[in-house]
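Chain order of the listed sequences is A and B. Heads up, the first sequence is in this note's numbering, so the first residue is 1 and it goes up one at a time. Heads up, the second sequence is in this note's numbering, so the first residue is 1001 and it goes up one at a time.
Honestly, I wouldn't trust all of these hints.
Derived contacts from chain B toward chain A, CB cut-off under 10 Å, selection only [unchecked claim]:
id, residue
1, 1013
2, 1018
3, 1020
4, 1021
5, 1028
6, 1045
7, 1049
8, 1077
9, 1084
10, 1086
11, 1093
12, 1094
13, 1097
14, 1106
15, 1107
16, 1113
Taking lysine to aspartate or glutamate pairs in the EDC-like style, the calculated list, with each CA pair at most 20 Å apart, reads [claimed, not checked]:
id, chain 1, residue 1, chain 2, residue 2
17, A, 195, B, 1031
18, A, 195, B, 1109
19, A, 585, A, 602
20, A, 224, A, 251
21, A, 195, B, 1110
22, B, 1026, A, 210
23, A, 582, A, 608
24, A, 113, A, 158
25, A, 195, B, 1115
26, A, 594, A, 555
It should be emphasised that the hints constitute simulated quantities derived from the structure, not laboratory data. Only a predicted model underlies this, so the values are computations on that prediction, with no experimental measurement involved. By construction, the Cβ of each residue, glycine as well, lies at the ideal position given by its N, Cα and C atoms.
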Amino acid sequence: MPKSLHFAKADVGKKQLADEHEDIKYKDSLLSGIVDIAADAIISIDENQRIILFNQGAEQIFGYSAREMVGEFLEALLPDEIRRRHKNLVKNFAGSQNRSRLMNERADIMGLKKDGSTFPARASISRLEHDGTITLTVILRDISEMRQAEAAAANRREEVAHMDRVGLLAEVSASLAHEINQPLAAILASAQALKRQIHADPNCLEFADEAVSDVIADAQRAAKIVQRMRVMMKPGERKDEVIDFGQIVVETHNLLRSETILRQSNLTIEVAPDLPAVFGDRIRLQQVLMNLLMNAFDATEECDPGDRHLSVRVSNPGSGSVEICVEDNGVGFDNSSYQQLLEPFYSTKKGGMGMGLAISTTIVRSHGGKLWAQNNHGPGATFYFTVPLASGGEAVAARTHEYEHEQNDDSSDVATVFIVDDDPSVRKAIGMLIGAAGYAVETFESAQAFLQREHYSGNGCLLVDLHMPEQTGLDLQTTLNTHKYTMPVIFMTGAGDTSSGVRAMKQGAMDFLSKPIDDEVLISTVARAIEADRQARDQYAQHVAAREKTAKLTEREAEVMDLVVSGLRNKQIAATLGISEKTVKVHRGHVMQKVGVRSVTDLVRISEIASNNP
Amino acid sequence: MPETQELICVVDDDASMRRAFGRLIKSFGYEVQLHASGRECLDETFIDRAACLIVDISMPHMDGFELHALLEASGRSIPTVFISAHEGRGYGEHAASVGAIAYLNKPCDERLLRDAIGTALA
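Build the full structure now, drawing on both the sequences and the hints.
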C-alpha cells in the first residue's frame, strides 16, 4: 500500500495539475454559463466605461444584442437626464476602495431600452482590480413589475378604503335622505306659501323677503349635505394637508346629526381649545372617526333609548399628536378578541363587512398615529387614536388666529389675493370674504386688466374665473406661465364644468372650485395657495443664496466640492484630480470658508439646494 | 277663508321647516302656533285650544309619537297629523294605529296638508 501510494502520489501530482486545469476550465465555463443564463442583466465595463461583457439577461432587458453593445459606452443604456450624473458616480466609484455597493439605495435608477422606452431598475456595482486593470460589473434588475405590483397593491388598499366610505354612507343613507328632505320640504312649503300670498296680496314684500331668505338658506343647506356626501364618496388619492381636527369633528357631527336622532342616542363633542393643527388627509381621518362612531352606535343598540351615550373628545396630550377618543356606554368588547377586532373581516356586527376598524387602523398608521381600544370601568368601551401634529402646528393655529383678530397688518408681509372675474357682484362678494380673512385683495374685471398691473413679486395667489369674455381664465394662465408669474392660480368654474377645471389643473393650476363656492372651502383653498407660494418663495430664496455662495468658488474648488459631496476622502480626491492631498486640503478649506459652512453635512445640503432649481 | 280662525299647532325641531309650515298654514287662513319640541308644546296652555296638531315624528328627546301618547294619556285628544322626512319605517302604520288623521311624508305638497287639516277640522 505505501509503495503504491507513493507511486500514486507522483501520478496524482500530474493528474492534479491536469485536473486543476480542467477544473479551472470547467469553473470558467460554468461561470460564463451562469452569467449567461442569469435573468439579471450583468454588464462589465472597463475603466473608460466601455462595455466588455453583456449577458443574455442584459440582452433581454435592454433589447440590444451583446454584439451590438460590446465596445459601446455604458451611458447608451441610460436616459439622457441621468447620463452625466451617473457617469461621474461610476467614475468616482472606480477610484474608490469600495468593493461593491447598491447604486440606488434610495431611489430607482432608470434604464433605457433599445426601443427608446425607459424602465425602473435596481442595480449594484462591483469593482475588480486584476493586474492593474479595473473592471466594473453592474448587475441590474428590471423592477417595473415589482413597481407595478406595489402600485396595484396601493390601488387595492385605496379601493377598499373607498368601499368602506361608500359603505359608511350607505349605512347612514336613511338619515342623509332625511337631512336632504328636510330643507326640500321647507323650500316647497315656503315657496307654495309665497305663491298663495302673492295672489292674495301682490305687495307682500316683507313676507316675500322672509320666505325667500329661508328658501335660499335651505337650498344652501341641502347643497352642503350633498357636498359632504360627494366628498366622502369620491374615490381618489390621499391628499395630505394641514388641518384643524376640530373641524373634522364638527363636519362628522353634522353628517351624523340625523342618524343620532334616529338611533335615539346622545352624542356630545368636546374639542380642546387651542388645538394645534395636524397633518393628514381630511377625508380619510373623517372616515376613521365615522367608523368609530358607527361602531359606538351599534354597541349601544341594546341600551334603553335615551340612555345611549356617545362622546367624542379631542385633546392635545402634549406628546406630539392630537388624541381623539370615542366613548360609548354600550356592550363593550370581548378582551380575548381584541386583536381580531382590529383585523379585517372580523366583526361582531350582523350586517357590516367588518372592515371598518381594520381600515381605520391602516389609515391611522399610515398617518403615523396609533389606534387602540379599551373597555371602560363602567359599561361600554373607548376607542382612541392619535394623529401627529403638523410640523409647526402651533404656529399654524396661531396664524389663523391672527387672521381672525388682526385684519390689517400694514406690513408688506400681508399676502395679496388677486381676483379676476368679469361679474362685479362675484368680485365684490369674494373680495369681501377674502379681505375678512386677513388678506389684501385686488380685483380685476378681465385678464387684460390684471396683466396691465405692474408686475407683482410678493406673496400671493390668483383667483380666476374660468369663463370670461375675450381672454378666458385658461388663456390668462398660459400668459402668466410665459410671463414668469409663479403665483399659484385657483380657478372658479361653473357647476358641472369639471373638465375645464381638470384641464386647468393639468396646466399647473393649484385647484379649482365649482360655483357656488362654499366660504370655508374658498378660504381654506386660498390659505393653502398662499402657503404653497410662501414655501416656493422660501425655497427659491434659499436656492439663490446657495447659488451665490457656490458661484464664488474657482473651477478647481468647485470640482473639489463635488467630490467631497459625493463622499470621497481627501486621498481619493487627490488621486482623482491628480493633485497632492495637501492641495486638496487647501481647496477644501477655501470651499468651506466661501460657502460658509463648518461641516460636510451642511456642504452637502447647500450644494443640493444650489443644484436643484425649484 | 274660514270664518273663525282655528288654531293649528306645528311641532318640529327644524326651525326653517317650522317657519315654512307656519307661512303655509297661515296662508290657508288659520292661526298658527309653532313649537320646537314636544316638551315646549306640553308646557303651553293654548294647546287645549288647538284644533289640529301637525307633529314631526323624529325629534330628539321626545319623538312625535311619544308626544301624542302623552297628550292622549292626559285626556287631551287633539286631531293629529304626523309628518316625517323618513320613509318606510312603519311610521304610516303606527300613525294609523294610534288614530292619526294622516301621515305625510316630507316634502309634502300643500294640497295634502290642506286636505289633512280640513279632515281634522271637519
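Quick rundown of the hints versus the structure:
no.	hint	result
1	1013	8 Å, holds
2	1018	9 Å, holds
3	1020	4 Å, holds
4	1021	6 Å, holds
5	1028	8 Å, holds
6	1045	27 Å, violated
7	1049	23 Å, violated
8	1077	25 Å, violated
9	1084	8 Å, holds
10	1086	5 Å, holds
11	1093	17 Å, violated
12	1094	15 Å, violated
13	1097	19 Å, violated
14	1106	4 Å, holds
15	1107	4 Å, holds
16	1113	8 Å, holds
17	195/A x 1031/B	19 Å, holds
18	195/A x 1109/B	13 Å, holds
19	585/A x 602/A	17 Å, holds
20	224/A x 251/A	11 Å, holds
21	195/A x 1110/B	11 Å, holds
22	1026/B x 210/A	14 Å, holds
23	582/A x 608/A	26 Å, violated
24	113/A x 158/A	32 Å, violated
25	195/A x 1115/B	18 Å, holds
26	594/A x 555/A	13 Å, holds
Checked against the numbered hints listed earlier, the structure breaks hints 6, 7, 8, 11, 12, 13, 23, 24; every other hint is satisfied.
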